[in-house]
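J.: Protein chains in written order, with my numbering: chain A, 1 to 97; chain B, 1001 to 1157; chain C, 2001 to 2089.
Hints in this document: simulated from the structure, not taken from any laboratory.
Remember, predicted model here, so these are calculated numbers, not experimental data.
Using N, Cα and C, we set each Cβ at its ideal position, and we do this for glycine too.
Keep in mind that the hints are not guaranteed to be accurate.
[Said to hold, decoys possible] Per the computed footprint, the stretches of chain A lying under chain C, defined by three or more beta-carbons under 8 Å from a beta-carbon of chain C, are:
1. 10-21
2. 46-52
3. 83-91
[As the list claims (entries may be wrong)] Beta-carbon label-pair distances, calculated as ranges:
4. B/L1060 <-> A/V15: 15 to 25 Å
5. B/F1029 <-> C/E2082: 45 to 55 Å
6. C/H2026 <-> B/S1020: 45 to 55 Å
7. B/S1026 <-> C/H2026: 44 to 54 Å
Listed here are the chains, written in short residue letters.
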Amino acid sequence: MSDTLQLIRDVVSAVLMLTGSLLALVSSIGLFRFSSTRARMHATTKPATLGVLLCAIGAAMQFGDVSSVAKLAVIVVLQLVAAPIGAHMLGRAVGGK
Amino acid sequence: MITRSLVLLMLWIALLGELSVANVMSGVFLVALVSWLFVHDEPKYTLRPLAALRLAAHVLVNLVSSSLRVVLAVILPTPQRCSTSIQQVQLAHGSVFISAIVANAITLTPGTMSLELDASNLILSVHVLGDIDEASFRADVLGLEQLVANSVKLRSK
Amino acid sequence: MTIVAYLSLGFLALAGSLGVLRIVRHATLGDRAVAFDMLTSILTCGLLVSSGIAIDGLNLDLAVLLGLLGFVASVTIARFIESRNEAES
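Only chain A is shown next, with the shape it has when bound in the complex (with noise of 0.2 Å):
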């Protein structure tokens, strides 16, 4: 029984890391459609936070211990917060459109 739960874990942590590095690679394929610095910033926030967030959740399954998905909260929440802020102070730099 330990066994398939095991198998049910494993499986789900490698769909969630594996959308959440595609998730990253269709953000970064972004940077190059994009025609406007500002346009290019929406494809960095959002993809990318979910992409982290994702990869997160899928690590915290393979981790047993407290601590370390304690560290994960902590990452997940920095990324969260400090994503939106950084590209809201580049779009008050950058001009256009």
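Keeping the supplied structure of chain A fixed, place chains B and C upon it in accordance with the hints.
T.: Chains B and C in isolation, oriented as in the chain A frame:
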């Protein structure tokens, strides 16, 4: 101030990893030092946990749908998906703190990114990616602001 | 799990090289700042994936530091661009 210090202490212990006496003592010392050096005012708002959880769930759902929208615009670009515009919204709750949280959350909603918050008139300038209907966009922003306003409560002295 | 490791780290390596390409080629200063911000997110993803697959918690401190310092770097570049714009006009 107690809540702030407790949150900082929990953050310190989470970063260090284990809940031992040395960690807690060093955390208390550091939190006291930081509070004495940098924190000079009482927080004016308190948190309402249930409404804050609802706001967090709403922001997470918005994050997923906004990423999907950006993925769609990158993989299959059409002129409507990639058009940019700048819109302005007048925020209605009259508080800079709530407007700051709204500006932070707007960046994670589909198609929008906050550019500038005029602090005296509370007008939020938003950069929009893709074609958007102005009335529904305004309603979305004001709805988000109502969710944020429900999550914090003005502390009366 | 090894095939998952190869695939996801391969995607992240490709994303990182695209980001570096954006920094190097024909870009304005704002574009380079945005690409740098993206690179820190990709590096954080890479650290999380590699430490999740190896179940080794040593690299997570690096990821926290990357988040903090990358944010500070982004804001510093933004203020520098703003002050340069003000100095020109």
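J.: Determine for every hint whether it applies to the structure shown.
T.: So, going through the hints one by one against the coordinates:
{"no.": "1", "hint": "10-21", "in the structure": "holds (count 7)"}
{"no.": "2", "hint": "46-52", "in the structure": "holds (count 4)"}
{"no.": "3", "hint": "83-91", "in the structure": "holds (count 6)"}
{"no.": "4", "hint": "B/L1060 <-> A/V15: 15 to 25 Å", "in the structure": "holds, 18 Å"}
{"no.": "5", "hint": "B/F1029 <-> C/E2082: 45 to 55 Å", "in the structure": "violated, 38 Å"}
{"no.": "6", "hint": "C/H2026 <-> B/S1020: 45 to 55 Å", "in the structure": "holds, 53 Å"}
{"no.": "7", "hint": "B/S1026 <-> C/H2026: 44 to 54 Å", "in the structure": "holds, 50 Å"}
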